[in-house]
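Protein chains in written order, with the UniProt record's numbering: chain A, 1 to 213; chain B, 1 to 213.
Since the hints were made in silico from the structure, they are not lab data. Hints are not guaranteed to be accurate.
To be verified - Calculated lysine to aspartate or glutamate pairs in the EDC-like style (CA-CA distance at most 16 Å, straight line):
# : chain 1 : residue 1 : chain 2 : residue 2
1 : A       : K45       : A       : D18
2 : B       : K45       : A       : D48
3 : A       : K155      : A       : E116
4 : B       : K199      : B       : E31
5 : A       : K45       : B       : D48
What you are looking at is a predicted structure, and each value in this text was computed from that prediction instead of being measured.
If you want the building blocks of each chain, they are given just below.
2 protein chains.
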Amino acid sequence: MNTEKTSNPYRLYLVTDDQQDLDTLKNVVSEAVAGGVTMVQVREKHGDVRAFIERAKAVKMILAGTGVPLIINDRVDVALAVDADGVHLGQSDMPADIARDLIGPDKLLGLSIETEAQLEEADNLPVDYLGLSAIFATPTKTNTKKEWGIEGLRKAVEQSGYPIVAIGGINTSNLDEVMATRLAGVALVSAICHAESPKRAAEEILAQMNRTD
Amino acid sequence: MNTEKTSNPYRLYLVTDDQQDLDTLKNVVSEAVAGGVTMVQVREKHGDVRAFIERAKAVKMILAGTGVPLIINDRVDVALAVDADGVHLGQSDMPADIARDLIGPDKLLGLSIETEAQLEEADNLPVDYLGLSAIFATPTKTNTKKEWGIEGLRKAVEQSGYPIVAIGGINTSNLDEVMATRLAGVALVSAICHAESPKRAAEEILAQMNRTD
Numbered sequence: 001m002n003t004e005k006t007s008n009p010y011r012l013y014l015v016t017d018d019q020q021d022l023d024t025l026k027n028v029v030s031e032a033v034a035g036g037v038t039m040v041q042v043r044e045k046h047g048d049v050r051a052f053i054e055r056a057k058a059v060k061m062i063l064a065g066t067g068v069p070l071i072i073n074d075r076v077d078v079a080l081a082v083d084a085d086g087v088h089l090g091q092s093d094m095p096a097d098i099a100r101d102l103i104g105p106d107k108l109l110g111l112s113i114e115t116e117a118q119l120e121e122a123d124n125l126p127v128d129y130l131g132l133s134a135i136f137a138t139p140t141k142t143n144t145k146k147e148w149g150i151e152g153l154r155k156a157v158e159q160s161g162y163p164i165v166a167i168g169g170i171n172t173s174n175l176d177e178v179m180a181t182r183l184a185g186v187a188l189v190s191a192i193c194h195a196e197s198p199k200r201a202a203e204e205i206l207a208q209m210n211r212t213d
Numbered sequence: 001m002n003t004e005k006t007s008n009p010y011r012l013y014l015v016t017d018d019q020q021d022l023d024t025l026k027n028v029v030s031e032a033v034a035g036g037v038t039m040v041q042v043r044e045k046h047g048d049v050r051a052f053i054e055r056a057k058a059v060k061m062i063l064a065g066t067g068v069p070l071i072i073n074d075r076v077d078v079a080l081a082v083d084a085d086g087v088h089l090g091q092s093d094m095p096a097d098i099a100r101d102l103i104g105p106d107k108l109l110g111l112s113i114e115t116e117a118q119l120e121e122a123d124n125l126p127v128d129y130l131g132l133s134a135i136f137a138t139p140t141k142t143n144t145k146k147e148w149g150i151e152g153l154r155k156a157v158e159q160s161g162y163p164i165v166a167i168g169g170i171n172t173s174n175l176d177e178v179m180a181t182r183l184a185g186v187a188l189v190s191a192i193c194h195a196e197s198p199k200r201a202a203e204e205i206l207a208q209m210n211r212t213d
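Could you build all of it, start to finish, from the sequences and the hints given here?
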């Protein structure tokens with residue numbers, strides 16, 4: 001695996017928008033990687049599996065040789081099919097221990113956390129990182145149970161032994177206070193996928209992160 | 001694998017109804033196996049993956065030691081997670097060659113066929129059997145492209161080198177003409193799952209099949 005865990009792959013984590021067509025997806029990922037994103041998750045909630053595989057393969061080709069890991073949302077079989085670097089699971093997806101058995105010990109395994117109970121339960125699961133969702137209200141996901149807010153995020157980072165990635169409603173206007181919680185990284189959909197220049201958006205976010213470190 | 005291919009596992013193929021709750025599912029499968037069904041496919045189109053795995057595991061326990069293979073619809077990862085005997089793919093599911101790579105050479109792989117073009121294309125795919133869908137109009141699946149009818153089924157059986165399983169609207173009233181096409185077997189949802197006694201339904205269908213052989 002090409003993950004370079006030492007360089008913190010979680011710092012700026014791009015999650016793709018399944019509403020964007022294949023050409024737009026490829027353009028967004030290419031630009032975002034040029035702009036410095038450190039990990040890419042392909043998330044497909046509405047398409048069929050063939051389209052999911054096609055899109056994952058396209059992203060994998062863009063990431064080849066960059067050292068940026070490719071993570072597949074939910075579908076362990078798609079991750080295996082494209083030999084991705086990892087899988088990200090939601091709470092109603094495959095249980096983490098089964099997914100770990102299927103992908104093996106060397107792949108990255110992430111888990112979405114929406115409640116304090118899930119955060120505690122994760123202590124005993126074979127995962128590599130947690131995605132705290134959602135930090136703020138967001139139009140991308142409307143089915144989340146709560147919003148963590150800055151204080152909830154800060155407590156979770158203190159409480160958990162895992163790298164914490166924050167997702168949901170994060171943008172340049174709230175990035176400073178998000179980074180101040182000392183989390184491992186932020187995951188973004190809209191702020192990069194819907195930017196006029198995904199490359200410049202990634203660069204600006206990273207520059208802002210570096211100023212607050 | 002416990003498949004006993006020599007005894008034709010396709011003869012009476014039960015496909016579960018994902019609208020039935022877990023207890024009903026277990027009862028239907030237990031009765032259907034007692035009644036003589038030769039293969040069981042767990043199909044879940046609406047539930048989440050955790051529920052799918054739970055239901056597949058429950059069916060696997062019922063089938064243990066019976067020699068009746070367990071087939072998982074669509075989700076190769078679920079099939080791997082429960083170590084099922086095979087996978088059944090639709091045309092928008094994972095491509096058959098990728099699924100074959102993931103499940104290995106010894107598992108059963110089935111593919112739904114809805115058009116003549118798909119029937120021809122299947123000649124070059126690493127599958128074990130084809131499910132011709134739908135033979136007649138059916139309330140279970142409303143998104144099928146056409147109905148094959150008896151003549152279409154007969155031609156497909158003659159044309160294809162694979163065992164053909166017919167699915168969609170088959171019941172005791174049309175079973176004789178379906179069997180007369182010399183197909184490998186019939187797949188049933190409603191005729192068994194919604195029967196007052198799934199055991200007696202399976203027994204009666206098999207008895208009718210035996211009379212027409």
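Q.
Please verify whether B:K45 and A:D48 have alpha carbons no more than 16 Å apart.
A. holds (12 Å)
Q.
Holds or violated: A:K45 and A:D18, Cα atoms, limit 16 Å.
A. holds (7 Å)
Q: With a cut-off of 16 Å on the C-alpha distance, tell me whether A:K45 and B:D48 pass.
A: holds (12 Å)
Q. Given the proposed pairing of A:K155 with A:E116, does the C-alpha separation stay at or below 16 Å?
A. holds (10 Å)
Q | Given pair status - B:E31, B:K199, alpha carbons within 16 Å | A | Given pair B:K199, B:E31 holds - Cα atoms ~4 Å apart, limit 16 Å.
The structure agrees with every numbered hint stated previously.
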